[in-house]
Amino acid sequence: MTAADAHRAIHAVWRIESARLIAGLARFVRDVGLAEELAQDALVAALERWPESGVPDNPGAWLMATAKHRAVDALRRGKLLERKHEEIVYQLEARQERATPELEAAIDENVGDDLLRLVLTACHPVLSTEARVALTLRLLGGLTTEEIARAFLVSEPTVAQRIVRAKRTLAEAHVPFEVPRGAELTARLASVLQVIYLIFNEGYSATAGDDWMRPELCEDALRLGRILAGLVPNEPEVHGLVALMEIQASRSRARVGPSGEPILLLEQKRSLWDRILIHRGLAALERAEALGGARGPYALQAAIAACHARARTAEETDWVRIAALYGVLAQVTPSPVVELNRAVALGMAFGPAAGLEVVDALTSEPALEGYHLLPSVRGDLLAKLERFNEAREEFERAASLTRNTRERELLLDRAAACVRKPSTQRQ
Amino acid sequence: MRFMILVKATKDSEAGVMPDEKLLTAMMKYNEELVKAGVLVAGEGLHPSSKGARVKFSGDKRSVVDGPFAETKELVAGFWIFQVKSKEEAIEWVKRCPNPMYEESEIEIRQVFEAADFAESDPTGEIRKKEEELRAMSESRNR
Numbered sequence: 001m002t003a004a005d006a007h008r009a010i011h012a013v014w015r016i017e018s019a020r021l022i023a024g025l026a027r028f029v030r031d032v033g034l035a036e037e038l039a040q041d042a043l044v045a046a047l048e049r050w051p052e053s054g055v056p057d058n059p060g061a062w063l064m065a066t067a068k069h070r071a072v073d074a075l076r077r078g079k080l081l082e083r084k085h086e087e088i089v090y091q092l093e094a095r096q097e098r099a100t101p102e103l104e105a106a107i108d109e110n111v112g113d114d115l116l117r118l119v120l121t122a123c124h125p126v127l128s129t130e131a132r133v134a135l136t137l138r139l140l141g142g143l144t145t146e147e148i149a150r151a152f153l154v155s156e157p158t159v160a161q162r163i164v165r166a167k168r169t170l171a172e173a174h175v176p177f178e179v180p181r182g183a184e185l186t187a188r189l190a191s192v193l194q195v196i197y198l199i200f201n202e203g204y205s206a207t208a209g210d211d212w213m214r215p216e217l218c219e220d221a222l223r224l225g226r227i228l229a230g231l232v233p234n235e236p237e238v239h240g241l242v243a244l245m246e247i248q249a250s251r252s253r254a255r256v257g258p259s260g261e262p263i264l265l266l267e268q269k270r271s272l273w274d275r276i277l278i279h280r281g282l283a284a285l286e287r288a289e290a291l292g293g294a295r296g297p298y299a300l301q302a303a304i305a306a307c308h309a310r311a312r313t314a315e316e317t318d319w320v321r322i323a324a325l326y327g328v329l330a331q332v333t334p335s336p337v338v339e340l341n342r343a344v345a346l347g348m349a350f351g352p353a354a355g356l357e358v359v360d361a362l363t364s365e366p367a368l369e370g371y372h373l374l375p376s377v378r379g380d381l382l383a384k385l386e387r388f389n390e391a392r393e394e395f396e397r398a399a400s401l402t403r404n405t406r407e408r409e410l411l412l413d414r415a416a417a418c419v420r421k422p423s424t425q426r427q
Numbered sequence: 001m002r003f004m005i006l007v008k009a010t011k012d013s014e015a016g017v018m019p020d021e022k023l024l025t026a027m028m029k030y031n032e033e034l035v036k037a038g039v040l041v042a043g044e045g046l047h048p049s050s051k052g053a054r055v056k057f058s059g060d061k062r063s064v065v066d067g068p069f070a071e072t073k074e075l076v077a078g079f080w081i082f083q084v085k086s087k088e089e090a091i092e093w094v095k096r097c098p099n100p101m102y103e104e105s106e107i108e109i110r111q112v113f114e115a116a117d118f119a120e121s122d123p124t125g126e127i128r129k130k131e132e133e134l135r136a137m138s139e140s141r142n143r
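So the protein sequences, as listed, match chains A and B.
Take the first sequence: its position 103, counted from the start at 1, is 103 in full-length UniProt numbering, and no numbers get skipped.
Take the second sequence: its position 12, counted from the start at 1, is 12 in full-length UniProt numbering, and no numbers get skipped.
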């Protein structure tokens, strides 16, 4: 095995094992930051050893054993005695003395709980949203600082600093490494779901930059969502979020044209939609609904996405149902953005005038000031009403507001198309 | 990226030998791990080729050949689809699979094409367009 091969193999092992490793270690040392450092140390040891010795049969157990040795050493040297208790050393040693198969069992045991604790800690409300995202991708997704920086178009030192600060904040706030119960768990899970969906959305329609999509980030978010669904299988909203992401991801192949331009949902070639992901999404939605979560915000959005997924052609879309679902969503989580989407659905179900009425009521909404989709939707409805002059102005305004290059091009195209239709122009 | 993981057929699988409880449990545990790690997208086991058939193409002619087929090692007994970051990760996962057969067996790892794969060799998007037409056709035929 060449060194390069070994490094790639180690990286792959890290992807698979790091979250369990960090979670398992955090249970012992009760500090997520320290656990990550220990895991990283074990990774370095693997990078030194494995190119010569080959990847061991059970790389996860090897990494865990190495990390625990280091934890004991570090604690013995007294460097960490201020922070930790001797009791932890004892616990670690007791585990270490057992035979390897038992060690493996010790890793497997509670692994679900450990992972859940880890994701709840990484998404703790004491952290800023950016810190939660970075920490989740780092600790749960096994992404390197460089990969996170590339995904979010920020510099590597910025990400590194965010992670360091986040770990310090967690330690200073004495955030316990535990799974809260009842209402607190629900609230914390909501934070986790929000972080995962944020990661997905950043990959699905990048807010800035030259690329419309960063599919790898979508895959990371989907994976995190699926892991979470395995950890808390009885939480309907987790399945709702997974359903939403699976169905949205099923369209990725269809929503970008050959030269990278975005293609709107109704113009997408549905034959390009990924049937496997749609199938998975619909199944997850069913699970969410079966658990009584039909009115959860993510399940509702997934139900809307499912209406599109079930329609074989754009014309077959059940817009009346979509408008009704947006109506429920507007009750559950009232927001100007939901209202804007409801306007689109109303426009499709009952004609552009019905949609425009709702949109016009939103134009004075301060929260939507500077939001490019408001003029974009308004432009679309106006164009359908053949008020092309007004439509053009709206598309141009939308184009000036978006930060995404590809989207700007699309909007300017639509503005230009309005100019080409003066013959039907109404005064 | 996605990989299709192909479990190659063996004499046993072709003879319709079913896994015993121990192997079944081991495979189920493995599948569970894949699901919990969020990497398993799809997967199925396949009946022996004796229950299958082949359609051979020669110009406009079609001829149907019923199974079983002779070249056991070239046949597929089951598949998974993984969503992972790299081929190495797919390999790591496959290495963790219990031997799916009672005899020597082999699992093949093949990457699934994605739109981005064509971007470099298809700067004008011409091939991509053809591919879309093809998919549209197969879709309309499936209806």
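Calculated directly from the structure, the hints in this document are not laboratory data.
For every residue, glycine included, the Cβ atom is placed at its ideal position computed from N, Cα and C.
Mixed in with the good hints, there may be bad ones.
As the list claims (entries may be wrong) - With a Cα cut of at most 20 Å, we get these calculated SDA-like pairs of lysine to any residue: (1) B:95 <-> A:61; (2) B:87 <-> A:286; (3) B:36 <-> A:235; (4) B:87 <-> A:405; (5) B:36 <-> A:286.
Claimed, not checked - Not everything, but these chain B residues come out facing chain A in the computed CB check (under 10 Å): (6) 37; (7) 54; (8) 83; (9) 84; (10) 86; (11) 98; (12) 108; (13) 110; (14) 114.
The hints, checked one at a time:
no., hint, result
1, B:95 <-> A:61, "holds, 15 Å"
2, B:87 <-> A:286, "violated, 33 Å"
3, B:36 <-> A:235, "holds, 15 Å"
4, B:87 <-> A:405, "violated, 32 Å"
5, B:36 <-> A:286, "holds, 19 Å"
6, 37, "holds, 7 Å"
7, 54, "violated, 24 Å"
8, 83, "holds, 6 Å"
9, 84, "holds, 8 Å"
10, 86, "holds, 6 Å"
11, 98, "violated, 13 Å"
12, 108, "violated, 18 Å"
13, 110, "violated, 16 Å"
14, 114, "holds, 7 Å"
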